[in-house]
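**Student:** Chains as they are written, first to last, in my numbering: chain B, 20 to 425; chain G, 20 to 425.
Hints in this document: simulated from the structure, not taken from any laboratory. Incorrect hints may appear among the rest.
Stated by the list, open to error - Stretches of chain B that chain G covers, calculated by requiring three or more beta carbons in the stretch to come under 8 Å of a beta carbon on chain G:
#1 67-80
#2 228-241
#3 253-266
What the hints assert, rightly or not - Taking lysine-lysine and the DSS-like style, the derived pairs with C-alpha atoms no more than 25 Å apart in a straight line are:
#4 B:LYS327 x G:LYS237
#5 B:LYS62 x B:LYS126
#6 G:LYS327 x B:LYS215
#7 G:LYS317 x B:LYS249
#8 B:LYS270 x G:LYS328
#9 G:LYS39 x G:LYS270
#10 B:LYS215 x B:LYS407
#11 G:LYS249 x B:LYS224
#12 G:LYS270 x B:LYS328
#13 B:LYS218 x G:LYS249
#14 G:LYS237 x B:LYS270
#15 G:LYS39 x G:LYS62
#16 G:LYS39 x B:LYS249
#17 G:LYS127 x B:LYS328
#18 B:LYS249 x B:LYS237
#19 B:LYS249 x G:LYS237
#20 G:LYS327 x B:LYS270
#21 B:LYS92 x B:LYS55
#22 G:LYS224 x G:LYS62
#23 G:LYS270 x G:LYS317
#24 B:LYS127 x B:LYS92
#25 B:LYS215 x G:LYS328
#26 G:LYS215 x B:LYS237
#27 G:LYS249 x B:LYS215
#28 B:LYS215 x B:LYS270
#29 G:LYS270 x B:LYS327
#30 G:LYS249 x B:LYS270
#31 B:LYS249 x G:LYS224
#32 B:LYS237 x G:LYS328
#33 G:LYS237 x G:LYS224
#34 B:LYS249 x G:LYS215
#35 G:LYS127 x G:LYS407
#36 G:LYS237 x B:LYS215
#37 B:LYS317 x G:LYS249
Cβ coordinates follow ideal geometry from the N, Cα and C atoms, glycine included.
Number of protein chains: 2
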Amino acid sequence: MGQFPTNLAVAIDWLASFGKEPDGGITRTLYSQPWKEAQSALKGWMEEAGLLTNYDSIGNLFGRLTSPNHNAKTILIGSHVDTVKSGGRYDGAYGIIAGIMALDFLKKKYGQPAINLEVVSFCEEEGSRFPLALWGSGMMTGIYSFNDIVDIKDSEGISFETAMMAAGFGSPEYRVRKDIQTFIELHIEQGPTLEKVEKSIGIVKAIVGQKRFRITVKGESNHVGTTSMKWRRDALHGAVNMIHDLYESVKEYDEDLVTSVGQLFLEPNVPNVIPNHVQFTVDARHPNEYVLRSFCQKFTQMFQDHAKKLDLAIQVEMWHEVLPAQMDNGLNEIIQSICTRSTISCHWMNSGAGHDAQLFARVCPTTILFVPSQGGISHSPLEYTSTKDLETGLEILIQLLHQLAY
Amino acid sequence: MGQFPTNLAVAIDWLASFGKEPDGGITRTLYSQPWKEAQSALKGWMEEAGLLTNYDSIGNLFGRLTSPNHNAKTILIGSHVDTVKSGGRYDGAYGIIAGIMALDFLKKKYGQPAINLEVVSFCEEEGSRFPLALWGSGMMTGIYSFNDIVDIKDSEGISFETAMMAAGFGSPEYRVRKDIQTFIELHIEQGPTLEKVEKSIGIVKAIVGQKRFRITVKGESNHVGTTSMKWRRDALHGAVNMIHDLYESVKEYDEDLVTSVGQLFLEPNVPNVIPNHVQFTVDARHPNEYVLRSFCQKFTQMFQDHAKKLDLAIQVEMWHEVLPAQMDNGLNEIIQSICTRSTISCHWMNSGAGHDAQLFARVCPTTILFVPSQGGISHSPLEYTSTKDLETGLEILIQLLHQLAY
Numbered sequence: 020m021g022q023f024p025t026n027l028a029v030a031i032d033w034l035a036s037f038g039k040e041p042d043g044g045i046t047r048t049l050y051s052q053p054w055k056e057a058q059s060a061l062k063g064w065m066e067e068a069g070l071l072t073n074y075d076s077i078g079n080l081f082g083r084l085t086s087p088n089h090n091a092k093t094i095l096i097g098s099h100v101d102t103v104k105s106g107g108r109y110d111g112a113y114g115i116i117a118g119i120m121a122l123d124f125l126k127k128k129y130g131q132p133a134i135n136l137e138v139v140s141f142c143e144e145e146g147s148r149f150p151l152a153l154w155g156s157g158m159m160t161g162i163y164s165f166n167d168i169v170d171i172k173d174s175e176g177i178s179f180e181t182a183m184m185a186a187g188f189g190s191p192e193y194r195v196r197k198d199i200q201t202f203i204e205l206h207i208e209q210g211p212t213l214e215k216v217e218k219s220i221g222i223v224k225a226i227v228g229q230k231r232f233r234i235t236v237k238g239e240s241n242h243v244g245t246t247s248m249k250w251r252r253d254a255l256h257g258a259v260n261m262i263h264d265l266y267e268s269v270k271e272y273d274e275d276l277v278t279s280v281g282q283l284f285l286e287p288n289v290p291n292v293i294p295n296h297v298q299f300t301v302d303a304r305h306p307n308e309y310v311l312r313s314f315c316q317k318f319t320q321m322f323q324d325h326a327k328k329l330d331l332a333i334q335v336e337m338w339h340e341v342l343p344a345q346m347d348n349g350l351n352e353i354i355q356s357i358c359t360r361s362t363i364s365c366h367w368m369n370s371g372a373g374h375d376a377q378l379f380a381r382v383c384p385t386t387i388l389f390v391p392s393q394g395g396i397s398h399s400p401l402e403y404t405s406t407k408d409l410e411t412g413l414e415i416l417i418q419l420l421h422q423l424a425y
Numbered sequence: 020m021g022q023f024p025t026n027l028a029v030a031i032d033w034l035a036s037f038g039k040e041p042d043g044g045i046t047r048t049l050y051s052q053p054w055k056e057a058q059s060a061l062k063g064w065m066e067e068a069g070l071l072t073n074y075d076s077i078g079n080l081f082g083r084l085t086s087p088n089h090n091a092k093t094i095l096i097g098s099h100v101d102t103v104k105s106g107g108r109y110d111g112a113y114g115i116i117a118g119i120m121a122l123d124f125l126k127k128k129y130g131q132p133a134i135n136l137e138v139v140s141f142c143e144e145e146g147s148r149f150p151l152a153l154w155g156s157g158m159m160t161g162i163y164s165f166n167d168i169v170d171i172k173d174s175e176g177i178s179f180e181t182a183m184m185a186a187g188f189g190s191p192e193y194r195v196r197k198d199i200q201t202f203i204e205l206h207i208e209q210g211p212t213l214e215k216v217e218k219s220i221g222i223v224k225a226i227v228g229q230k231r232f233r234i235t236v237k238g239e240s241n242h243v244g245t246t247s248m249k250w251r252r253d254a255l256h257g258a259v260n261m262i263h264d265l266y267e268s269v270k271e272y273d274e275d276l277v278t279s280v281g282q283l284f285l286e287p288n289v290p291n292v293i294p295n296h297v298q299f300t301v302d303a304r305h306p307n308e309y310v311l312r313s314f315c316q317k318f319t320q321m322f323q324d325h326a327k328k329l330d331l332a333i334q335v336e337m338w339h340e341v342l343p344a345q346m347d348n349g350l351n352e353i354i355q356s357i358c359t360r361s362t363i364s365c366h367w368m369n370s371g372a373g374h375d376a377q378l379f380a381r382v383c384p385t386t387i388l389f390v391p392s393q394g395g396i397s398h399s400p401l402e403y404t405s406t407k408d409l410e411t412g413l414e415i416l417i418q419l420l421h422q423l424a425y
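Bound conformation, chain B alone (with noise of 0.2 Å):
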């Protein structure tokens, strides 16, 4: 193949040229420079590897192993090309890699399969760039549209439009494909748990729904000295009976509930003054889309009575909201009795961090098997995972599309 890769461990490191920073880590945020060259690589790979390649309308980029019969339906596999700024060099990556390593293989070893089979590498999946996610899977499945990016700007406040033209997309239409029957997507688990528990394969039952928070609570500031504690109205006192409440209610729900406040802003935060206004934020995850509402309905109630207790004034808004996606069953049980005829231990998980997946289980049977990833450390130059489990995941997803394709 001279200029691209022939193993897998050679494959993340090839790519993981595409946007290197100085510490290690790769940026190859949606439109950049990196990112156009990472795609015009891959695109000259899989073309090296006999698939037919193209590029829709908004830059997501396919390789397509054709079936004889033209009227087959496509089993599309694949992950994002695009990266949060410094990450890792598997999230996405490996999904596309292994994607098409996969119909190389079964190309050279079986042919033409019955179903089309096309590896995608999305344009976009992290956010990073522009204020927008799953923009590459958002456009496949018809669920986003061009208005989803009207008024978008990045950072340096270039438009998501201006962005687009300038790599040389953005016809105005998009013709969303009626021919794609499963969507598989193979990915590193970003998370612990197969570390912990000692397996290779994470078969995903449901992409947990998200809900994501922003909690105000406003009361008057005082001088700390002279102010008796029963005069107080102390924004910082509510918020942390809250939290607190927030943290310990949690534990009559089962272990898919995870919530977490990761930020928290306080006025006027000197030692001496009773803050008069804290703001944070609670996310709150559970692939249960009832046992998910029911908790936040909870938490919210218990917040409304401790301000209440305090004389506090609150505001619960909710700014970010996905619902939990549900992978194909059919699809895990195949998966099981691969692993389970391989001698591959494997381990039945929700998966809590979202992915191009999510969208695709509205539209047609998918699933997302992951990889373990050391430490569960992701989004970071210190990203890993062994060659091992690379070529694990790999051999289960090469078994399974020809189990499914031929």
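The hints should help you fit chain G onto chain B, whose structure is shown.
**Tutor:** Then chain G, alone, in the frame of chain B:
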């Protein structure tokens, strides 16, 4: 008196004209131009009132009504001329103005006193220009020395010594006065107590002790969605449990105990990442050192228990400590009897804020009297005390000095 004020309300406006900001606040930081002009104007007024004036070598200004008895000791009355940035017009200023007016009145009505009466305009109390508070009273009482200002700079990099020299002070010798037998301060309350209990005069039993801590909690950052609750080492969860129990435990103590968390910093402080680092302050105050120490030991142990439970590292540092200062009960009893006689309502209380009187309490019988602060507001352009309340305070001071010195 021509250019000098003839009544209390006019005098407050007059002194507030030195360092007046566009927002109505007063900024008169140590050794600044408005500070120099204010001291110089006060000196002129003292002289006009027939007081013998002088500066000490650091810029404290004195106006003396001398006893014919050459062996007489001195009763010192006064407060500080400096302000916080954009502070109020009563804080400090009222005590100096009332002192001058009291001595002027007593001289005119009763002539020379048996004990010297001396009003002081302390050069500095707030610590708002340099990170050192109570400079004027600290030097007068011999508790501070020039060693305390070595290496101290303001926010513009000007050293304490340079600023002092530029204002015309700073001779390297400081003679601690041996003749001060009593110190009396008249001050606005800077808190809401007198307003809430509807009394005119606050008789201060003690100025509280303060201990200030910096608490650092360290955990581990992880992805909010992919990290199960049971595997987290969430620094904010730990900090919230600590602060929650801090506020709960206050309830087990008497009403004089106050505590606050005024400052809190979170890292990395983004909504979807578990915080790995929280730093917060604890300010604890009580008039009894033993009670205060027991409370601080208790919450420190509690914090460490919480850290252990959640597998977090913790560091507890005390960075500021002020011992409680007991006001003289003999003086307070006289003030009480004067109030009773004059049918002026009074309230025995503690001072939660620091004052020059707290250092004098270590060297001689000392007390501080409060008048109400509207809404408890201080260190703000909104600081306000009615002329009636200011006059009541002056009247009590005059009667007290008459009883003590004639």
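**Student:** Broken hints, numbered, in rising order?
**Tutor:** 1, 4, 9, 16, 17, 19, 21, 22, 32 and 33
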